[in-house]
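Novice: Dock chain to chain to rebuild the complex, using the hints, since each chain is given by itself in its own frame.
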Amino acid sequence: MQIPVIRNILEANARVSDDLKRLFAEKGILALNLMSSPGAGKTTLLERTLTDLASEFSMAVIEGDLQTDNDAQRVAATGAQAVQINTEGGCHLTSAQVLAACKELNLDGLDILFIENVGNLVCPAEFDVGEDHKITLLSVTEGDDKPEKYPLMFNISSALLLNKTDLLPYVDFSLERASNFARGLNADIKVFPVSCRAREGLDAWYDWLRAARAAKKG
Amino acid sequence: MHELSIAQSLLAIIREEMQKHGSPRLISVKVRHGRLSAIVPDALAMSFEALTMDTALAGARLDTEEIPLVLACRACGTKFSPESSDYVFAPCPACGEELGHTVVSGKELYIEYLELDEAQGT
Ligand SMILES: [Zn+2]
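Protein chains in written order, with numbering that gives the first Met the number 0: chain A, 0 to 217; chain G, 0 to 121.
If we strip away everything but chain G, and leave its shape as in the complex, we get (with noise of 0.2 Å):
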């Protein structure tokens, strides 16, 4: 299960910005994932949850927002969302070709926002 490394992950990335920032509670983060990237909103939600039970960012809000599969045709170029889930085998909508299509996106994983507290005091 390699979200908990990734929650750790976010995590140490989280407690930098707010650092940065001199906020003294996340309230949310949200989190955008491609869909190639197998990762499970739910595993990865559980593992947020339980790395920040008992510290001062237990209670934030995890969002998570899948980025589709975005391929361009190898033949032709074109680009296109596959809609069936079986992206191995996309024919491309304008010339059918089957094979070897680059995926321009739907790998990522990263961080969109950090909703915080104002800071206290500055």
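Bound conformation, chain A alone (with noise of 0.2 Å):
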């Protein structure tokens, strides 16, 4: 016998996002989904931006790390609360693991949490983790024709970060191009050209995330 199921196949991941989505709500905090290839640069950010907005913000991040926990070490080092997410080989986090980092954490009075998922284009933009917006990070030496490559992660993501826009002289990249490819499928993404390393265009990404930490308290 043929049994219509219809039933979405990462359900039970959807619903653990939506208790997450709720418990972030009830606490006023800013949740970002912070996705890239390995070695795009969203340590070198986290670093950048905890520091720079410390006096301002009240700052977690959950590090998803497929087997060390340098980079938890390193944003440990910024003095914003940390945790290690260690996915054993898994290519993404999932809203169960995020679910038990959160317990990790001390939620209350935080403002912003930062979810940085694993170096990975692909497998994250099918897995929501309870964010509010996810962010994706592509830096100009990976090439202007990610976006086109990976549409799925551009399509959903509120924000844009192209990053070591310092090496752009040494480098075959287009900032036009990678913007225009991301704005394919989304007319609405935000780019933001940035040097995390040379302290580059960090500015409008600062406001960006002063204006959705300000739409998410209401």
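No lab work stands behind these hints, which were simulated from the structure alone.
We put the beta carbon where it would ideally sit given N, CA and C, even for glycine.
No incorrect hints appear here.
Every beta carbon over 10 Å from chain G, so not counted as near; a handful from chain A, in silico:
id, residue
1, P37
2, N69
3, A99
4, K102
5, N105
6, L109
7, D110
8, G118
9, H132
10, T140
11, S173
12, R196
13, R198
14, G200
15, A214
Some chain A residues judged to face chain G by a derived CB distance under 7 Å, without partners named:
id, residue
16, V4
17, R6
18, E125
Here are the in silico distance ranges between beta carbons for each label pair:
id, chain 1, residue 1, chain 2, residue 2, range
19, A, N85, G, G76, 40 to 48 Å
20, G, G58, A, K26, 42 to 50 Å
21, A, R209, G, G58, 52 to 60 Å
22, G, R60, A, E175, 42 to 50 Å
Specialist: In structure tokens form, the structure reads like this:
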């Protein structure tokens, strides 16, 4: 016998993601899911952001990592709360892992929670983790055709940070081409060219964060 | 490879449905996936096989079918399926607009049906 089912395969993850959304709404926390390839500079972006906005916001980081806790140590050095999730080879974070990590954090009085996903442009796009916004980080050394190759991630992201702009003279990367590819299926995506290392372009990103935080607080 | 965790979620739902219907044996399951969802059918089949091996579900068939990408033009609202694989710069067939189309379908990932053996002795 054939039984029609019509069930979303990722429904279990979606249910926990909804629980997380309710938890973050209750506490008034802005939750951001940070996604990129390995080495695009997520951890450096977090170090800068956590340091530069330390006096404005109370922030915490959930670090998804395949094996090590190097990134969590770098983040903790800024004074922010940091929890490490070791995915043991898993290529993305699930909402259940994020929920477990939240139990290790003090969420009271927290303004912004960064969820640093595993470095990978495909898999994290399929799994919501209770976030208000998905943010993609792409470095100029990776090629400006990445948004064309991985359209889903760029389609569902609110903001795109194009990192390592200090290297633009040495690589064949067009900021305009990359932004246009990203806007192909997402007219509303906000694009921020930045260099975390040279501390360029970060003010526009900080302004976006302030606005998103204010919108969440209501 | 997210196909492995997708196969795990798939199996959890299958086991639940089999219990609900009192069926001891799964013959096949049909999964539909949108073109944008980046599912590699072979990788999903391999994960499914690996996870069911040596279980009561061993030998069950996994059928997959891709759901085409349908976009709605930002400028004039026309719905269309880009013919080339370059759907990031797909021009609207009605007005030529290239950017900012809305994805109407192509992100799905769901089970359509299960084929089960009749329940025994109920
Ligand atoms: Zn049109």
